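Trainee: Given chain A, put chains B, C and D in place with the hints provided.
Protein chains in written order, with this note's numbering: chain A, 1 to 363; chain B, 364 to 726; chain C, 727 to 1089; chain D, 1090 to 1452.
No wet-lab data here; the hints were simulated from the structure.
There could be a bad hint or two in this list.
Pairs of lysine-lysine, BS3-like flavour, derived with a Cα cap of 30 angstroms [claimed, not checked]:
no. : chain 1 : residue 1 : chain 2 : residue 2
1   : B       : Lys587    : D       : Lys1165
2   : D       : Lys1091   : A       : Lys42
3   : B       : Lys587    : A       : Lys234
4   : D       : Lys1165   : D       : Lys1381
5   : D       : Lys1415   : C       : Lys906
6   : B       : Lys541    : A       : Lys326
7   : C       : Lys933    : C       : Lys961
8   : D       : Lys1323   : B       : Lys643
9   : C       : Lys904    : D       : Lys1415
10  : C       : Lys906    : B       : Lys643
These numbers come from a predicted model, not from an experiment.
4 protein chains.
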Amino acid sequence: MKVGIVGLGYWGPNLVRNFQADNEIEKVIGCDKEPERLNYIKLRFPNVELMDSFDNLLLSDVDAVAIATPVNTHYKFAKRVLEAGKHVWVEKPFTSNSAQARDLIELAGKKDLKVFVDHTFLYAGAVKKIKEIVESGELGDIIYFDSVRINLGLFQHDVNVIWDLVPHDLAIMNYVLKDKTPVAVTANGIANYYDQENIAHISIHFKSEDCFAHFHVNWTSPVKIRRMILVGTKKMLVYDDMENSEKIKVYDCGIEMLSSKEKIRKALVQYRIGDMYSPKVIQTEALALGVKEFVSAIKEGRQPLTNGHDGLEVVRILEASDKSIKNRGCLIELEEKEIIKPAVKTFEREDFIKKIRIMSNGL
Amino acid sequence: MKVGIVGLGYWGPNLVRNFQADNEIEKVIGCDKEPERLNYIKLRFPNVELMDSFDNLLLSDVDAVAIATPVNTHYKFAKRVLEAGKHVWVEKPFTSNSAQARDLIELAGKKDLKVFVDHTFLYAGAVKKIKEIVESGELGDIIYFDSVRINLGLFQHDVNVIWDLVPHDLAIMNYVLKDKTPVAVTANGIANYYDQENIAHISIHFKSEDCFAHFHVNWTSPVKIRRMILVGTKKMLVYDDMENSEKIKVYDCGIEMLSSKEKIRKALVQYRIGDMYSPKVIQTEALALGVKEFVSAIKEGRQPLTNGHDGLEVVRILEASDKSIKNRGCLIELEEKEIIKPAVKTFEREDFIKKIRIMSNGL
Amino acid sequence: MKVGIVGLGYWGPNLVRNFQADNEIEKVIGCDKEPERLNYIKLRFPNVELMDSFDNLLLSDVDAVAIATPVNTHYKFAKRVLEAGKHVWVEKPFTSNSAQARDLIELAGKKDLKVFVDHTFLYAGAVKKIKEIVESGELGDIIYFDSVRINLGLFQHDVNVIWDLVPHDLAIMNYVLKDKTPVAVTANGIANYYDQENIAHISIHFKSEDCFAHFHVNWTSPVKIRRMILVGTKKMLVYDDMENSEKIKVYDCGIEMLSSKEKIRKALVQYRIGDMYSPKVIQTEALALGVKEFVSAIKEGRQPLTNGHDGLEVVRILEASDKSIKNRGCLIELEEKEIIKPAVKTFEREDFIKKIRIMSNGL
Amino acid sequence: MKVGIVGLGYWGPNLVRNFQADNEIEKVIGCDKEPERLNYIKLRFPNVELMDSFDNLLLSDVDAVAIATPVNTHYKFAKRVLEAGKHVWVEKPFTSNSAQARDLIELAGKKDLKVFVDHTFLYAGAVKKIKEIVESGELGDIIYFDSVRINLGLFQHDVNVIWDLVPHDLAIMNYVLKDKTPVAVTANGIANYYDQENIAHISIHFKSEDCFAHFHVNWTSPVKIRRMILVGTKKMLVYDDMENSEKIKVYDCGIEMLSSKEKIRKALVQYRIGDMYSPKVIQTEALALGVKEFVSAIKEGRQPLTNGHDGLEVVRILEASDKSIKNRGCLIELEEKEIIKPAVKTFEREDFIKKIRIMSNGL
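Excised from the complex, chain A in its bound form (with noise of 0.2 angstroms):
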């Protein structure tokens, strides 16, 4: 197989490598505008065939080309890709709406292609470790999703720090949670330096009244915090990111209820502490796992992991928190979880989930 990349500023190199270092993949064409970062890649990856050439770049031979452009541009530059009959891959968030997703899921579906959603985290084996550990039933139905993702970050000038942080965030939460149905969003925050939020505070309300979800994202804190709570009926569960080792907790802790009425002085509600434990991680790096995935879905003729629904589902989120944020907090209402049908077969999470433990073990 052979694969484009175009943008080849801050994350695109990374694409760039772990493409290069897939056995799959044959050749790798790189695609920037600017010569500095034609340059840049040249340097470091001399294999790599170049060209400043988007239009070029749809002419040549490649099956499939990623996108590692500027939020705004993924429509424009995705949609030329499906049209052209090549698979894509498209960095988060998707698009720059709903609409726009929508869109493309549909031109894909048209033209049997496959989409790709670079979530990479959901790649990453901490998130692996947790999808399984929910999966089990081990925590009991959760009724509490908390994430906090901080520190001082690289502010984006097109985008606000919603936009460029909490994908991440969403994404592992309708992978781990993806029996749960969000209905409505609040958000609130400030824009202390430009016109784009810089701080945002996300509430995410779900169907089942008994789950609620919160996400804190920051460019301006002094301290790096990159933790989700997962607080389940049975056991609570801390993934923490910034752990070399033991990322994650998992806490045999909960809430009980007492029935007897009569100690009116007391909590009608106690708490039961015991052990905890921390298991083993898979430390393979969660991109190269990624470009797997997109490789074998293409092969496979199937959906990948990480497909454009995902991006949609994630991108709904951030209209509606961008629209509340806006709005002071203002409630916004998400309409049902939208179906679009999928032209081919649905991708199998458990397979993935064995095949990924397989190829990891292998590493």
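Mentor: The following block gives chains B, C and D in isolation, referenced to the frame of chain A:
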């Protein structure tokens, strides 16, 4: 001075211990309906006089009464204390609603009595130090105040997690950011176990639109976090109350706007990272200093640092937060900060800080 | 049972509090020459009888006496207690040298009295749990025991840091590794301020040459560390006493020899890393359980868990360490573990562990 | 300048990368007997010339050769490099014994060639900063140097944990405490798996008897710790290399003697605790700065910061430590620090620090 303490449950014994240890207090009378609580105090503090009747306590020669009963009884008890011509100490939150708070302030004003609201944290060495740092201007203007107070906590049967935990953090915010005026509140969260919310996220908007605050309180977190982040235009501060030492860290880091507009591909904002320092913090028990301030205020005929107005300011935000969380995050506007004219000369904050420092050095 | 407590300085008040709180103790008599210390106790524990004469205490009807005086007076006081026909509780370290320890053990044996040495940590939930884990065989054979106990500590004027701090760690080592026999000791360190060493590093060699232990004690460290590492042939354990929760972590990791000799460029040894877990630890105050054990041992006519022999074993290593540090790390061999035949039936450790567990559950 | 690199195993590729990235280096030749290693480099660094014969490398036009082969071959290869009239870079530890080190220093002196010993940590921003702080006198006189470098490490088949890990820490100690003279060494530890010790504790005594150092190195610890504590007479410093930020903390705390002798029951020594600060540390890769120093020293005809003498000083202590650990901690005295008169002008440390700072600012 002689003091009565009503309510000898969870917090009352701490009041007994600290009032008894204060040099200025000659007599402490404990009061509770339940014989078991009276017995508990008798065993530990044999010198404390005990009563099972609030009426009798009011008939005694105590100069002041401290109220450590459930929130919804604060108003009832405090009113009778003031009517009996005695000064009153009320645990946080001051009252169940702002009307009650206003009523007590007015009554105390008429009778020239003091109302002390036990926002204990304002007497803690760490908060004192933060106040000093902020007032020195070292951080610049505060543009973000973030507070997290979560753990596997004791559920309250009569109030939700907002009324239970946020008063601490709101009192600190009002103290440290005394020149900022909160104008609107939104709150989101969930009640997973019974009708009281166990998780809440509260956003506060200010009159000057370049400041924003957020509070996360939670009774159902497997990890205990008590951390505040203050972002200033010059420096940033983190207060981690779970640290044994190094509770406060001041980061010489900040965000700077780039004037040049030409670098279109790069961020227009950059950050600077410098040294960090952690100032020494006085260890004296906060409650002991609170007792000293109560006694001094009465003797000097002035308002205490944490008086009824401070209690009212906190209650107003609690009230609005509660209204918002009941309405899925609907924005609740606060009326202008009310000034109920005090009958006696106002407390001078700067003097108090100096005084506390002197007292603490001597310990 | 009635108990006298001699020495009401730094540690004595803790003994007073715990003996007084125990159900089996009817009367507590405090004894100290200094009026100021007697007054201190009087204010806090009005029910405790006070004496300023040790002679009078021995004439009283107490069944046992606890000694919390400076180390070099332990022997003198303990001997008179035993001669007066009373059981004795001695703070750590047991005595100033091993000859004194042997003398007390013999005297108690002749008079059929109990000697309790206050190695308090052996009654702490964490140490209890470590003992259980080691005895279960889960860690395999222990090949390394490492202990660090350092901070900016209170200098003792009469003993060096070895006699002050290592008794805790040696008692834990002897308890947890009861089947290992220490045979030689070296100690290095420095006395920076006066004639007592403030820093010491002690190495212990064992009869079975596949085990090694090291102890770092230090009064002059800016950071406070209290951590033990136990390396077993199967798993490894870390005990961090500064953690609020997760004091113990058991790592399923180990070292494995590779049989193949062909890979000459690669290591012949590889390691394996698996999950980690942190068991729940009982929070009951160790000293309270120590008091219970003392009382039970007397009533049941058996040796307590931490008896004179345990005290002697610790003192022998302290003695050797002190000799070594005075001679720049010269290796000091220990004689074979001495068995002074006890006059009464021996304490059964396994029973005690079970009993402690039952008691703790009820709390 | 042209450089050859011998040994392309674990560390060699890092040398290739850093030499290749340096502006002053025109050509890099890699050399290894094993085709697999040559191939590894070829794929990653297509511009590097490759050779499988060391003889041919010496015949080439390289100005200098870097040696990254097993320790026991350092001397053999380095000698031939010098004999061939080329400058030499040797990985740590410099040689297998001090006689070899002296021989190489002498040979280089005669031929007016430079010997660089790769004590990489001396080029790390954190160590640079510690050096600055110590030299400024801020800490007062250093009385204690404690180093812990432990984790589940890669066992070496040809050397024990002392030769593998302590060179880093000894080099730092010699650099930071350049005016202290080590005079005696004791080492204790154990070899649990084969004939090479996997755990070692090394104590160092100094000429001035008010300083002491200790090193703990360990391949079999479940937790990774890389921490140094420097206790000065004025302040204390902790260097934790596992921290992402805040690697260095300077504590304004110290120990003070009380002059009064009357308080017989109290300690004669007290401690003072003040603020802490954590200076910003330069992030430039240490190895890149090492390469710069090597190239500059050659061009300027001066000794590099980490030259043969520095290598010899470290080897002398390693040699003594090894002798001691083989003899159960027997004290091994070091001869006086040897000065083999350098043939060329000496390196000026202060200049280098300033230079490094200038270089780093530009990055």
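Trainee: Report the numbers of all earlier hints that the structure fails to satisfy, in ascending order.
Mentor: Numbers 1 and 10 - these are the hints that the structure violates, sorted from lowest upward.
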